[in-house]
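Asks: Listed below are the residues making up each chain.
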Amino acid sequence: MSELQSSLLLKKQLAELNKNPVEGFSAGLIDENDIFRWEVLIIGPPDTLYEGGFFKAHLYFPKEYPLRPPRMKFVTEIWHPNIEKNGDVCISILHEPGDDKWGYEKASERWLPVHTVETILISVISMLADPNDESPANVDAAKEWRESYIDFKRKVARCVRKSQEECS
Amino acid sequence: MGMVFFAKDILFSWLAFVIYDKKCTWNIMGNCLKMSNSDDISLLRGNDSLNRQTNATQPIYHLDGHDPQIFYPTASVSINNTTSTAHQLYEDGQVKIAKRIGLMQHLPIGTYDGCSKKSRECVICMAELSVGEAVRYLPCMHIYHVNCIDDWLLRSLTCPSCLEPVDGALLISYDTT
Chain A
1 MSELQSSLLL KKQLAELNKN PVEGFSAGLI DENDIFRWEV LIIGPPDTLY
51 EGGFFKAHLY FPKEYPLRPP RMKFVTEIWH PNIEKNGDVC ISILHEPGDD
101 KWGYEKASER WLPVHTVETI LISVISMLAD PNDESPANVD AAKEWRESYI
151 DFKRKVARCV RKSQEECS
Chain B
1 MGMVFFAKDI LFSWLAFVIY DKKCTWNIMG NCLKMSNSDD ISLLRGNDSL
51 NRQTNATQPI YHLDGHDPQI FYPTASVSIN NTTSTAHQLY EDGQVKIAKR
101 IGLMQHLPIG TYDGCSKKSR ECVICMAELS VGEAVRYLPC MHIYHVNCID
151 DWLLRSLTCP SCLEPVDGAL LISYDTT
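Quick mapping for you: the protein sequence lines, in order, are chains A and B.
Sequential numbering of the first sequence, starting at 1, is according to the UniProt record's numbering.
Sequential numbering of the second sequence, starting at 1, is according to the UniProt record's numbering.
One chain only, chain A, in its complex shape (with noise of 0.2 Å):
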């Protein structure tokens, strides 16, 4: 898989989702000259705690894409349990491929080379709405989420409020 194929990839994605936009989210380029570095503002998910929040995040494609995942990170503040103080998100499905020898997940749980930007944020959407505490990226928030739910709904509640400041 050539870098060029690479890019016509990901420009056939760009231009699809243009024309037929998905709910939940909006997909842009950081640069419009750079294919590889998107920008994509997520919707906070009815009906969750982060309902009524406009997330930003960046997706950083390797130019071995669609063999290799790329990376994402969440711009704007999102207290999550998988997803890091730093934004990085934690999702099986963008870890590279292969089976881990340690045996916690199956090939079939990681990346996978028909996985498309649009995949990736339905994944993304659902595990803001249904965290997994099994392998939290922020231990803080993922012992506040099983521990002590109301601070956590109190900091998610700051995240909604700030990225809509953000956003406005």
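Calculated directly from the structure, the hints in this document are not laboratory data.
Note that beta-carbon positions come from the ideal geometry of N, C-alpha and C, so glycine has one too.
This list has only true hints and no planted wrong ones.
Distance ranges between label pairs, derived from CB positions:
no., chain 1, residue 1, chain 2, residue 2, range
1, A, E32, B, S84, 45 to 53 Å
2, A, K73, B, A127, 28 to 36 Å
3, A, G28, B, D167, 36 to 44 Å
4, A, P46, B, K99, 43 to 51 Å
5, A, S126, B, H87, 43 to 51 Å
6, B, L107, A, I30, 34 to 42 Å
7, A, T119, B, S130, 21 to 29 Å
8, B, P108, A, E118, 27 to 35 Å
9, B, D92, A, I43, 43 to 51 Å
10, B, S130, A, S148, 52 to 60 Å
11, A, K11, B, G114, 24 to 32 Å
Please build the complex by placing chain B on the supplied structure of chain A, with the hints as guidance.
Replies: Chain B in isolation, oriented as in the chain A frame:
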């Protein structure tokens, strides 16, 4: 005889993947460690590896005693203690890749004849398969461009469409021959 040389050539050209493959294992679920963004193949070059060694900001990872540094053979100057282990792991990796290439050669290649009514695309590159193109058949009967799927199988022996493991029965028949 020709076949032997062919396999050997492939083995060396895919050496880069050995190192790549090892690096991947750092990033397991729940251990979202920072990874280098650089093209892993560049690590094969001596200069790059040495730069890494002296780069103070480069984090050093330790996962259950597996030191990723040992996968860069040229960097072994400064990590003498692990050199022999590194060599062993490096060879294990080569054997693994060689086995995988051998396995992949058992998967049939055909020419796309376009006989199905609706057009089909290679879901890896999302381009439509055109008549006369070389395609590889996986045991689950999903088809892909040979180049697209071979690059993928070196990373993971899983069908990207149905997640069916490609090894299994094939692996057994390969091991016993």
